[in-house]
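*Asks:* Letter by letter, the chains look like this.
2 protein chains.
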Amino acid sequence: MTKTKDKWERALGQSKISKSEFKEFEPELRRELVELQQELRSSNVSVMVVFAGVDGAGKHEMVNTLNAWMDPRGIVTHAYSSKDAAAKERPDFWKYWRDLPSVGQVGLFLSAWYSNPLLRRVQRATSEKVFQKQLEDIRAFERSLADNGVLLVKVWMHLDKKAQLKRLEELSSQPETEWQIKPGAWENWGLYDRFIKASDKIIQSSEKAGAPWLLVNGKHRYSRQIVVARALRDAMRERLANPPVSEGLDEKAWDEKMKGARGTLQKMDLSKSLEKDVYKEKLKALQAKLYQLQHHAKLAGLSTVLVFEGQDAAGKGGAIRRLVQGLDAQEYQVIPIAAPTKEELAHHYLWRFWRHLPRRGRVTIFDRSWYGRVLVERVEGFAQNCEWQRAFQEINEFEQQLVDNKYLVIKFWIQIDKKMQLSRFKERENTPYKKWKITDEDWRNRKKWDAYDVAVDDMISLTDHKHAPWVLVEGNDKSWSRIKVLETICEHLEKELKRIKS
Amino acid sequence: MTKTKDKWERALGQSKISKSEFKEFEPELRRELVELQQELRSSNVSVMVVFAGVDGAGKHEMVNTLNAWMDPRGIVTHAYSSKDAAAKERPDFWKYWRDLPSVGQVGLFLSAWYSNPLLRRVQRATSEKVFQKQLEDIRAFERSLADNGVLLVKVWMHLDKKAQLKRLEELSSQPETEWQIKPGAWENWGLYDRFIKASDKIIQSSEKAGAPWLLVNGKHRYSRQIVVARALRDAMRERLANPPVSEGLDEKAWDEKMKGARGTLQKMDLSKSLEKDVYKEKLKALQAKLYQLQHHAKLAGLSTVLVFEGQDAAGKGGAIRRLVQGLDAQEYQVIPIAAPTKEELAHHYLWRFWRHLPRRGRVTIFDRSWYGRVLVERVEGFAQNCEWQRAFQEINEFEQQLVDNKYLVIKFWIQIDKKMQLSRFKERENTPYKKWKITDEDWRNRKKWDAYDVAVDDMISLTDHKHAPWVLVEGNDKSWSRIKVLETICEHLEKELKRIKS
Chain A
3 MTKTKDKWER ALGQSKISKS EFKEFEPELR RELVELQQEL RSSNVSVMVV FAGVDGAGKH
63 EMVNTLNAWM DPRGIVTHAY SSKDAAAKER PDFWKYWRDL PSVGQVGLFL SAWYSNPLLR
123 RVQRATSEKV FQKQLEDIRA FERSLADNGV LLVKVWMHLD KKAQLKRLEE LSSQPETEWQ
183 IKPGAWENWG LYDRFIKASD KIIQSSEKAG APWLLVNGKH RYSRQIVVAR ALRDAMRERL
243 ANPPVSEGLD EKAWDEKMKG ARGTLQKMDL SKSLEKDVYK EKLKALQAKL YQLQHHAKLA
303 GLSTVLVFEG QDAAGKGGAI RRLVQGLDAQ EYQVIPIAAP TKEELAHHYL WRFWRHLPRR
363 GRVTIFDRSW YGRVLVERVE GFAQNCEWQR AFQEINEFEQ QLVDNKYLVI KFWIQIDKKM
423 QLSRFKEREN TPYKKWKITD EDWRNRKKWD AYDVAVDDMI SLTDHKHAPW VLVEGNDKSW
483 SRIKVLETIC EHLEKELKRI KS
Chain B
3 MTKTKDKWER ALGQSKISKS EFKEFEPELR RELVELQQEL RSSNVSVMVV FAGVDGAGKH
63 EMVNTLNAWM DPRGIVTHAY SSKDAAAKER PDFWKYWRDL PSVGQVGLFL SAWYSNPLLR
123 RVQRATSEKV FQKQLEDIRA FERSLADNGV LLVKVWMHLD KKAQLKRLEE LSSQPETEWQ
183 IKPGAWENWG LYDRFIKASD KIIQSSEKAG APWLLVNGKH RYSRQIVVAR ALRDAMRERL
243 ANPPVSEGLD EKAWDEKMKG ARGTLQKMDL SKSLEKDVYK EKLKALQAKL YQLQHHAKLA
303 GLSTVLVFEG QDAAGKGGAI RRLVQGLDAQ EYQVIPIAAP TKEELAHHYL WRFWRHLPRR
363 GRVTIFDRSW YGRVLVERVE GFAQNCEWQR AFQEINEFEQ QLVDNKYLVI KFWIQIDKKM
423 QLSRFKEREN TPYKKWKITD EDWRNRKKWD AYDVAVDDMI SLTDHKHAPW VLVEGNDKSW
483 SRIKVLETIC EHLEKELKRI KS
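Those sequence lines, one after another, are chains A and B. Using the working numbering, the letters of the first sequence map in sequence onto residues 3 to 504. Using the working numbering, the letters of the second sequence map in sequence onto residues 3 to 504.
Next up, chain A with everything else stripped away, as it sits in the complex (with noise of 0.2 Å):
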């Protein structure tokens, strides 16, 4: 606590810029604002500036000084409301995530993930259990995106008790500048002493994580320019010149970790089979049962999000299309996953799944996934040892955000074995129309297949939970591992759609 109070009685304690200082200062530090944009473009790196604080400490003329000083070209700015349609029918953070900008770009942040928490605990909407659960949420977040090549610049814009009151009777003496006032703006006065305490834990939650908030003095105006600009420019450039290095286990050290947990591939039943006649009966049975079933998941606002991985020609494409038979295509959408896109390339891992997430009461269905990451990503050697040993928590949390939302999540892993794809590669090349599934990649990928079933295991082992869970299946009979898909989707609607309902 007294830390934080240090903090910001320093912040308040800052000292007073003149206007001639303040024409001193800038020329210079729009001139190195912008070069370091010009670093910044060609760097791995993207900034995110994000803006809280007290009302009428001078968020949004900030930003728009930013606007002003900097190249337009390199420099977004996203401000929330709560009338976001889109954003209404996916998780909470679905909108930070379809806005991060991308490598090179500076993202201005206004009444963005810190806004509502804050506001619905002082408001009392929200108990300090909830309080802090967001709060934690957004701390994983934030490492997720630091680690992950995100500059994240907090700038908490502050006014004492006595000045905003000052400023609100200012604006609201003269009609030029009352329509300045927010609604509300008095009622949170009121609140002033709430707001803070929550603030205090806001800042010391951040502290605790390494992501440190600039507590700014938002009084004087030439002041708080100075101060958050040059603080923008010192992180960006400090940034720039020393980027984090992280190491990860390497792979002796990982393997040690990992033994226990390995094996669970082997232990499959791959003769698991069914016959061709139960199963004409069983698919049509499930489709129409699917159909029920989602329809009702559509009127309760229950998401479906399905991962499907699995070797090369175990089968997922073919279990795919059976199952979406059974669905109304204005209910589902399949994504397939390729190599990223150069602009997928320039964003967060995760931030091209984010942009997939169904609306409420859909299904996106991924043929393949974000365990990519760990899968050919780790074993081709295109993510670093940190990256996809870290990923296995990012993913862990990505999920739990789904669920936490109203989403069902299953991830179905077709294991066949190496002699049955051997047989289904040789079909392929055989037949004409066919031939094209089968790459130089796919024989590369099989001569790495005691590697990649390592990686499966780990992933398994660390990333299978029971509100998440992996489902194994047994994908040497076609019939039985598509029966198998059908019936889990099923099972799995239905039992969330009877706790939903109770």
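It should be emphasised that the hints constitute simulated quantities derived from the structure, not laboratory data. None of the values given here were measured: they were computed from a predicted structure. Fair warning: there could be bad hints in the mix.
Copies of one chain are not kept apart here, so a pair can be met inside one copy or by any two copies together.
[Unchecked claim] Straight-line distance between alpha carbons at most 27 Å, and here's what the computed DSS-like set of lysine-lysine pairs gives:
| hint | residue 1 | residue 2 |
| --- | --- | --- |
| 1 | Lys286 | Lys168 |
| 2 | Lys164 | Lys184 |
| 3 | Lys278 | Lys210 |
| 4 | Lys436 | Lys25 |
| 5 | Lys286 | Lys25 |
| 6 | Lys500 | Lys261 |
| 7 | Lys480 | Lys449 |
| 8 | Lys9 | Lys300 |
| 9 | Lys97 | Lys344 |
| 10 | Lys131 | Lys7 |
| 11 | Lys428 | Lys286 |
| 12 | Lys300 | Lys90 |
| 13 | Lys503 | Lys420 |
| 14 | Lys500 | Lys85 |
| 15 | Lys437 | Lys261 |
| 16 | Lys85 | Lys131 |
| 17 | Lys97 | Lys85 |
| 18 | Lys286 | Lys450 |
| 19 | Lys503 | Lys259 |
| 20 | Lys468 | Lys269 |
| 21 | Lys168 | Lys291 |
| 22 | Lys184 | Lys497 |
With the hints as your guide, set chain B onto chain A.
*Replies:* Coordinates of chain B only, in the frame set by chain A:
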């Protein structure tokens, strides 16, 4: 009428393909489709297949079949429901623009732009006049796509009245298939004759526009699949082998056409100016007024699109900044338009602007815009004659759609003279923090001053409309131009809000 009737009968008479014939045709067709996809990938063409027709004629099944047969990385399916909250806050065609496949891709569209106009007409929810207007909008949409590299394949899947009844009866006879009957299907069957009558009009309207439908008899599964897949194959093959040639007028012929309409810019009185203290006073008052008006616009669901164009150093950025100081940060977005990215180049040139249309009640400010097509792209030769020449109509249609959907559209051309530009260029060069604003390109553009003058004159004379006016702003004095911009926006907002209320 006769011609369409012939077509129905021909479609219904389409010869039946047996299971064994299907098995014979299928492998070769699949191979051909996948090969064409590969060819498509290195072309500048994208393919949009739109499915419409009678319920039960196998549209969804056809989409599944094409997904199964083709390379999933190059094919994407979109099916629309009226529940899409983001789409509801934008013009009707927004969602189709959002989902345009990029060059090299195939998009399959279910229940897309024909669906609502047809159903609503059948249900007598729209008048014949509104229906005809909708068909006109569709023709404009499809023409603009086709002219800009989209191969449009329109598949009408048909069943005669008896066949549809039989299909519905078959499906409803078993619990495993009953679910496939959509809500309202029986009611729709009761309106079958009306449905055909309205469909006839759609088909005739397309014939006239040279974008005919493929009529397919949906009665037999094997036949309809082969017929549709072959038609897609043939269309892709033809389009890839014979790219359409379109020439446009040469410079002389264009000048001849336009000469009477030129000279607008010369008539402007660039000596207009404002005293500094009058400026400051007006600025404050206008920002306050704008804030109030935008608040009412939000409540009224009136969206605003502002376009800023002008020579380099005309003062667009400065005018925009004064303007946004009078807006709530949550209510607006400034979109600076630079050279298109690779992703943007892989789409219709209007795609990147559609993406940024504001939601209901919000404001988007374009700092440069779609008018780049008829300015920089024309002058620099980035667009061919035919491309920029037809862009005038495309742009007019685009803006008309905005206006039809409750958007206020105002376009500002800020004009300075050559001497003023030179002095601002020099000031930028001599001010360290402004130096980045001036590049070799600006000097190159300056050399083409006269060519730009002509292009601007043409643009204004061909795209100035009462509902989406060009406002010519004298820009030599920045105080004058900033106030004129703010005043104009306030006036238009005020008028439009009054009109909405009454």
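*Asks:* Each of the hints needs a verdict: does it hold here or not?
*Replies:* Structure-based check of all given hints:
1. Lys286 to Lys168: Close across copies (20 Å), not inside one copy (71 Å); limit 27 Å.
2. Lys164 to Lys184: Within one copy only: 18 Å inside a chain, 64 Å across chains, cut-off 27 Å.
3. Lys278 to Lys210: neither (60 Å within a copy, 51 Å between copies)
4. Lys436 to Lys25: Answer is between; shortest inter-copy Cα gap is 15 Å, intra-copy 70 Å.
5. Lys286 to Lys25: between (76 Å within a copy, 22 Å between copies)
6. Lys500 to Lys261: Cα proximity of Lys500 and Lys261: none, with 39 Å in one copy and 73 Å across.
7. Lys480 to Lys449: within (23 Å within a copy, 68 Å between copies)
8. Lys9 to Lys300: neither (49 Å within a copy, 39 Å between copies)
9. Lys97 to Lys344: This pair counts as both: shortest intra-copy Cα distance 21 Å, inter-copy 24 Å.
10. Lys131 to Lys7: Classified as within; 23 Å inside a copy, 69 Å across copies.
11. Lys428 to Lys286: neither (30 Å within a copy, 76 Å between copies)
12. Lys300 to Lys90: both (15 Å within a copy, 18 Å between copies)
13. Lys503 to Lys420: neither (45 Å within a copy, 71 Å between copies)
14. Lys500 to Lys85: For Lys500 and Lys85, only the inter-copy Cα distance (24 Å) is at most 27 Å; the intra-copy one is 31 Å.
15. Lys437 to Lys261: Classified as neither: same-chain Cα gap 38 Å, cross-chain 59 Å, threshold 27 Å.
16. Lys85 to Lys131: within (26 Å within a copy, 34 Å between copies)
17. Lys97 to Lys85: Result: close both inside a copy and across copies, 12 Å intra and 19 Å inter.
18. Lys286 to Lys450: neither (38 Å within a copy, 68 Å between copies)
19. Lys503 to Lys259: neither (42 Å within a copy, 69 Å between copies)
20. Lys468 to Lys269: Close inside one copy (20 Å), not across copies (74 Å); limit 27 Å.
21. Lys168 to Lys291: between (65 Å within a copy, 23 Å between copies)
22. Lys184 to Lys497: Answer is between: at 25 Å across copies they meet the 27 Å cutoff, but 45 Å inside does not.
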